[in-house]
Amino acid sequence: MKQLKDLITDQERFGYNLENYEIINIHTVGLKDGESAFKECKNLIVTNSMFELRYPFWHDHDVKVSNCVFTKSCRGPFWYSSSIELSQIYAQSDKAFRECENIVLTDSVYQSDECFWKSKDIKINNLNFTGEYAFFLSEDLDINNLMLKGHYSFQYVNKGVIKNSKIDTKDAFWHAKDLTVYDSELIGEYLGWYSENLTLVRCKIVSHQPLCYCKNLKLIDCEVIDCDDAFEKSEVNGNIISSNLSIYNPSKGTLEIQGEYQLNEDQYQDKNNKINIVKK
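Numbering of the sequence shown is given in the numbering used here, commencing with residue 493 and proceeding in unit increments.
Read the hints as simulated data drawn from the structure, not as lab findings.
It is possible that some hints are incorrect.
To be verified - Computed list of lysine-lysine pairs in DSSO-like fashion (alpha-carbon distance at most 27 Å, straight line): (1) Lys658 with Lys641; (2) Lys641 with Lys612; (3) Lys710 with Lys725; (4) Lys612 with Lys587; (5) Lys655 with Lys610; (6) Lys662 with Lys744; (7) Lys696 with Lys651; (8) Lys651 with Lys725; (9) Lys556 with Lys497; (10) Lys658 with Lys610; (11) Lys669 with Lys651; (12) Lys771 with Lys710; (13) Lys564 with Lys641; (14) Lys641 with Lys696; (15) Lys655 with Lys669; (16) Lys696 with Lys710; (17) Lys744 with Lys669; (18) Lys556 with Lys612; (19) Lys641 with Lys655.
Remember, predicted model here, so these are calculated numbers, not experimental data.
I would like the entire structure built from these sequences, with the hints used as guidance.
Put into structure tokens, the structure is as follows:
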């Protein structure tokens, strides 16, 4: 492979259309504010670099990036790209990964609002992430050891598995479909509203008004703690351990509960279509 190394540049598209290159110790910064440093490139290996200017990797394919920094001013670093592999990244760049596919992100710290929008085939392992509206309209997720702090995460996602994670976010999983979460901590109000085929396995749930208006919601060996007005108009099946739990007007299903709970049903509840609760 050819090499491009040891440069500081603010030139517009200075690495445009490169193919089969190693990019080493490049710093995009300067008064010219040139954007799109590596637009429409193929087969790049990028290491030990810093990106401070906008849109460095658009319409790229087969890109490996490691030991790099993306600053706050590096807006929209990855758009319309495929087969992107990143490791040991520190990033503060908003709007990362828009309409991308086949993304692998490991061992990194990311701060980004509106990240992973309309993207698919996303694999994540060991990521500390902060940001709002993460994973909006994305699909085919394979996530392990994600520490996420934000708001409105995983809205409208379609298909995926999340494992061994801590997700602290308001309005997580709204309208999500075909998603399974294993061995994770889910914190934040209004969890999972309007979801379909959401399955939670051995999860700890702490939420205000969680899991309402759900279709085919499954809870398997979950802890439900300090949750009020849960499961409104939801189809819910499974078994839980509860503490300080109130349930409001679920629609149907069978739920085995170990622990104390309060069931509230309003006068308009359809008495022929109601949940079966088994006290363990």
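Restraint status (C-alpha distance of Lys658 to Lys610 at most 27 Å): holds, 23 Å
Has the given pair, Lys658 with Lys641, been kept, meaning a C-alpha gap of at most 27 Å? holds, 8 Å
Can the restraint linking Lys564 and Lys641 be considered satisfied, given a maximum Cα separation of 27 Å? holds, 18 Å
Verify the proposed pairing of Lys556 with Lys612, using a straight-line Cα cut of 27 Å. Holds: Lys556 and Lys612 sit about 18 Å apart, inside 27 Å.
For a C-alpha distance cap of 27 Å, please report whether Lys744 and Lys669 respect it. holds, 19 Å
Take a quick look at whether Lys696 and Lys710 sit within 27 Å of each other, Cα to Cα. Holds - the C-alpha atoms of Lys710 and Lys696 are around 14 Å apart, at most 27 Å.
Do the alpha carbons of Lys669 and Lys651 lie within 27 Å of each other, as the hint requires? holds, 6 Å
Hey, Lys641 versus Lys655, does the alpha-carbon distance stay inside 27 Å? holds, 16 Å
Are the Cα atoms of Lys696 and Lys651 separated by 27 Å or less? holds, 21 Å
Between Lys612 and Lys587, is the straight-line Cα distance small enough, at 27 Å or below? holds, 15 Å
27 Å Cα cutoff - pair Lys771, Lys710: holds, 17 Å
Given the hint that Lys710 pairs with Lys725, test it: the Cα-Cα distance must not exceed 27 Å. holds, 14 Å
Hint compliance for this structure: every hint is met.
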